[in-house]
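Chemist: Going line by line, the protein sequences match chains A and B.
Per our numbering, residue 94 is the first one in the first sequence, and the count goes up by one each step.
Per our numbering, residue 387 is the first one in the second sequence, and the count goes up by one each step.
Treat the hints as calculated values from the structure; they're not laboratory data.
Worth double-checking, as some hints may not be accurate.
Unchecked claim - Derived lysine-lysine pairs resembling PhoX-like cross-links, with alpha carbons at most 25 Å apart:
(1) B:Lys447 x B:Lys471
(2) B:Lys447 x B:Lys464
(3) B:Lys447 x A:Lys122
(4) B:Lys464 x A:Lys122
As the list claims (entries may be wrong) - Pair by pair, the computed Cβ-Cβ distance ranges are:
(5) B:Lys494 x A:Asp255: 40 to 46 Å
(6) A:Arg115 x B:Lys471: 19 to 25 Å
(7) B:Glu414 x A:Thr184: 49 to 55 Å
(8) A:Arg181 x B:Leu493: 37 to 43 Å
(9) B:Glu414 x A:Leu136: 28 to 34 Å
(10) B:Leu392 x A:Arg115: 39 to 45 Å
(11) B:Leu388 x A:Leu342: 38 to 44 Å
(12) B:His396 x A:Thr180: 26 to 32 Å
(13) A:Leu136 x B:Leu392: 35 to 41 Å
(14) A:Ala319 x B:Leu392: 55 to 61 Å
(15) B:Gly495 x A:Ile403: 50 to 56 Å
As the list claims (entries may be wrong) - Which residues of chain B face chain A? A partial, calculated answer using Cβ under 8 Å:
(16) Gly419
(17) Gly427
(18) Arg428
(19) Gly430
(20) Phe431
(21) Ala435
(22) Tyr439
(23) Gln448
(24) Arg461
(25) Arg463
(26) Lys464
(27) Arg467
Note that the structure is predicted; figures quoted are calculated from it, not measured.
Don't be surprised by glycine CBs; every beta carbon is placed ideally from N, CA and C.
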Amino acid sequence: MTTTSALIDRYVDATLRRLPERQRPDIEKELRASIADAVDDRLDAGSDPADAELAVLTELGDPARLAAGYADRPLQLVGPALYLDYTRLVTTLLATIVPAVAAAVGLVRTLQGGTALHVIGDTLGAAFTAGVHIAFWTTLLFVVIERVPALRRAPARSWTPDALPEPPSRRARYGELVTETVLLVLITTFVLLSPVVSSETDAAGDPIGVLSPWLWETGVVHLFIALVVADLGFSFAKYYARWNVPLALAGSLVGVACAITLIWLAANDRVLNPAFAEAAGWPSALPRWINAGLVAISIGTLVHAVAEGIRRARRR
Amino acid sequence: MLDEELLSTHLQELRRGTVVLACLLILEQPNYGYALLDLLGRRGFAVDANTLYPLLRRLEKQGLLAADWNTEESRPRKFYRTSEKGLALADVLSRDWSELDTAFRTLKGGS
Numbered sequence: 094m095t096t097t098s099a100l101i102d103r104y105v106d107a108t109l110r111r112l113p114e115r116q117r118p119d120i121e122k123e124l125r126a127s128i129a130d131a132v133d134d135r136l137d138a139g140s141d142p143a144d145a146e147l148a149v150l151t152e153l154g155d156p157a158r159l160a161a162g163y164a165d166r167p168l169q170l171v172g173p174a175l176y177l178d179y180t181r182l183v184t185t186l187l188a189t190i191v192p193a194v195a196a197a198v199g200l201v202r203t204l205q206g207g208t209a210l211h212v213i214g215d216t217l218g219a220a221f222t223a224g225v226h227i228a229f230w231t232t233l234l235f236v237v238i239e240r241v242p243a244l245r246r247a248p249a250r251s252w253t254p255d256a257l258p259e260p261p262s263r264r265a266r267y268g269e270l271v272t273e274t275v276l277l278v279l280i281t282t283f284v285l286l287s288p289v290v291s292s293e294t295d296a297a298g299d300p301i302g303v304l305s306p307w308l309w310e311t312g313v314v315h316l317f318i319a320l321v322v323a324d325l326g327f328s329f330a331k332y333y334a335r336w337n338v339p340l341a342l343a344g345s346l347v348g349v350a351c352a353i354t355l356i357w358l359a360a361n362d363r364v365l366n367p368a369f370a371e372a373a374g375w376p377s378a379l380p381r382w383i384n385a386g387l388v389a390i391s392i393g394t395l396v397h398a399v400a401e402g403i404r405r406a407r408r409r
Numbered sequence: 387m388l389d390e391e392l393l394s395t396h397l398q399e400l401r402r403g404t405v406v407l408a409c410l411l412i413l414e415q416p417n418y419g420y421a422l423l424d425l426l427g428r429r430g431f432a433v434d435a436n437t438l439y440p441l442l443r444r445l446e447k448q449g450l451l452a453a454d455w456n457t458e459e460s461r462p463r464k465f466y467r468t469s470e471k472g473l474a475l476a477d478v479l480s481r482d483w484s485e486l487d488t489a490f491r492t493l494k495g496g497s
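This is chain B alone, in the form it adopts within the complex:
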């Protein structure tokens, strides 16, 4: 059996970076921090709140996300959406992901 710690380290390594792509894709529809956390979890991209919130700001700083404060509701929320630049990056990353997927399939099929 694989031991717990070894498994979690390798899974973490493999998934690192996928959250960024998932965010860029999901945020084509504007959304705010907590709702995004929830949505990511339900779509199979479990991520910690203390990783996601700083990540959103980092992506905003890099110009991949645009953000606006929505103050119409009683609780003001910061809504993020993917920018042009973010969409372009999402495109490249998605393509890379499919190429990797194909490569893995070939590997497994060829053995």
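This is chain A alone, in the form it adopts within the complex:
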């Protein structure tokens, strides 16, 4: 019997350390015997003792891998049996909770009267934190399920063709397009008429517009309307033209630009005319609520545009 060397001891320890206590004595005896047998074999073949040990241990390979084999432990975080359920759950949670958190935080920060930069920063920060938490905890949950056989044995839901996503009907999408067009015409008309048609008049009898005159002075209102019209144009293009990446990307960008412009205007209180609020005798909190509502709607549009882009890209 060869005396076991320090190297073999270290190898055996490294393997046993990764095994449950009750398996250790038996595996240790067997592993040591197997290593000694292999070393003896090489010595008989005329090899140098130190070389023989090195060769045998090298052949056995990483003790962590050997221990995983003994313990029947998977060498992956989430295996193929669970992977699809895992990705589906993560995507669903990310697609629902992150936008909800972002909208809520954006709304609250706007109500508290933060600057645009703060509102956007806090919203993005909260969305990011929520996303990281969802990804981390869901992954951890599945890693545990993968490693606890009792949890894994639950019969897997078998897939049937019923689970295939339904393509949205052309008629339903046409309905969306019509609604979008009508809304756009109404909003544009309202915006363009607002300086001249108003329920309130000033001392000289001229109408006080409900929207901030700053929008006209700077020309921002025209930029905004141009963006909204372009957005509608892309909606038509998406409906009638074949889907392609540049078109979808441009459409999404215009949608995002619209939403961000509106968030920026609302957060900086550039939308409403303070003179109108005063003349109409609005309570002081009302303009802030309207701004917050605009921000919330914009965030919703933003999320919708991004989600829609991803969904369409995935279906191709």
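Given chain A's structure and the hints, the job is docking chain B onto it.
Modeler: Chain B alone, transformed into the frame defined by chain A:
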């Protein structure tokens, strides 16, 4: 020419599982880890030590192999032998293997 990596992946896929059958058949005569590794290699079932040793324990846990410690010699060794259940499985697997073999022969003969 077939590239090395492609070849080894497919060979590995094809041979996966054959080691189990070979173990069940060889261990009708009781034997211990290292000697079995050596024997398998010489009989044309090359397998790595770090695959075989855990596999033996898994088969023992599944009741396909029975194991006893032999402490009569200076170096105590764990001897494995195929159990009744293991023999039954070996029977089914062998039959399946021959059926596959026949099927392949028919395929090649028929082309």
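Chemist: Indicate, hint by hint, whether the structure satisfies it.
Modeler: These are the hints, each one checked on the structure:
For the hint pairing lysine 447 (chain B) with lysine 471 (chain B), the CA-to-CA distance comes to about 12 Å; that is within 25 Å, so the pair holds. Simply put, lysine 447 (chain B) and lysine 464 (chain B) have alpha-carbon atoms about 14 Å apart, close enough for the 25 Å limit, and the pair holds. Straight-line distance between C-alpha atoms of lysine 447 (chain B) and lysine 122 (chain A) comes to about 18 Å, which keeps the hinted pair within the 25 Å bound. For the proposed pair lysine 464 (chain B) and lysine 122 (chain A), the alpha carbon gap of about 9 Å is at most 25 Å, so the pair holds.
Between lysine 494 (chain B) and aspartate 255 (chain A), the C-beta spacing of about 42 Å keeps the proposed range 40 to 46 Å intact. For the pair arginine 115 (chain A) and lysine 471 (chain B), the supplied restraint of 19 to 25 Å holds, since their beta-carbon distance comes to about 24 Å. Between glutamate 414 (chain B) and threonine 184 (chain A) the Cβ separation comes to about 52 Å, which falls inside the hinted range of 49 to 55 Å. At roughly 39 Å, the beta carbons of arginine 181 (chain A) and leucine 493 (chain B) sit within the given window of 37 to 43 Å.
Separated by about 31 Å at the C-beta atoms, glutamate 414 (chain B) and leucine 136 (chain A) satisfy the suggested range of 28 to 34 Å. The given range of 39 to 45 Å is respected by leucine 392 (chain B) and arginine 115 (chain A), whose C-beta atoms sit roughly 43 Å from each other. Leucine 388 (chain B) and leucine 342 (chain A) have their C-beta atoms about 42 Å apart, which keeps the hinted 38 to 44 Å range intact. Restraint check, histidine 396 (chain B) to threonine 180 (chain A): a C-beta distance of roughly 28 Å satisfies the suggested window 26 to 32 Å.
A hinted range of 35 to 41 Å holds for the C-beta pair leucine 136 (chain A) and leucine 392 (chain B), which are about 38 Å apart. Under the hint 55 to 61 Å, the C-beta atoms of alanine 319 (chain A) and leucine 392 (chain B), about 56 Å apart, fit the expected range. Checked against the hint of 50 to 56 Å, the pair glycine 495 (chain B) and isoleucine 403 (chain A) passes, with Cβ atoms roughly 53 Å apart. For glycine 419 (chain B), the interface hint holds, since its Cβ comes within 8 Å of a Cβ in chain A; the closest pair sits about 5 Å apart.
Hint status for glycine 427 (chain B) relative to chain A: violated, with the closest Cβ pair at about 11 Å, above 8 Å. For arginine 428 (chain B), the suggested interface contact is broken, since its CB lies about 13 Å from the closest CB of chain A, more than 8 Å. About 19 Å separates the beta-carbon of glycine 430 (chain B) from the nearest beta-carbon of chain A, more than 8 Å, and the hint is not met. Among the interface hints, the one on phenylalanine 431 (chain B) is violated; its C-beta lies about 17 Å from the nearest C-beta in chain A, farther than the 8 Å criterion.
A distance limit of 8 Å between C-beta atoms decides the matter here; for alanine 435 (chain B) the minimum to chain A is near 5 Å, and the interface restraint holds. Given hint, tyrosine 439 (chain B) at the interface with chain A, holds; its Cβ is 6 Å from that chain's nearest Cβ, closer than 8 Å. With a cut of 8 Å, the hint placing glutamine 448 (chain B) at the interface with chain A is violated, because the nearest CB-to-CB distance is about 11 Å. Satisfaction of the interface hint for arginine 461 (chain B) is found here, the shortest Cβ-Cβ separation to chain A being roughly 5 Å, below the 8 Å cut-off.
Interface hint status for arginine 463 (chain B): upheld, as the beta-carbon distance to the closest one in chain A is roughly 5 Å, under 8 Å. Taking 8 Å as the C-beta cut-off, the interface hint given for lysine 464 (chain B) holds, the closest approach to chain A being about 5 Å. Checking arginine 467 (chain B) against chain A: minimum C-beta separation of about 15 Å lies over 8 Å; hint violated.
Hints 17, 18, 19, 20, 23, 27 from the list above are not met by this structure, while the remaining hints are.
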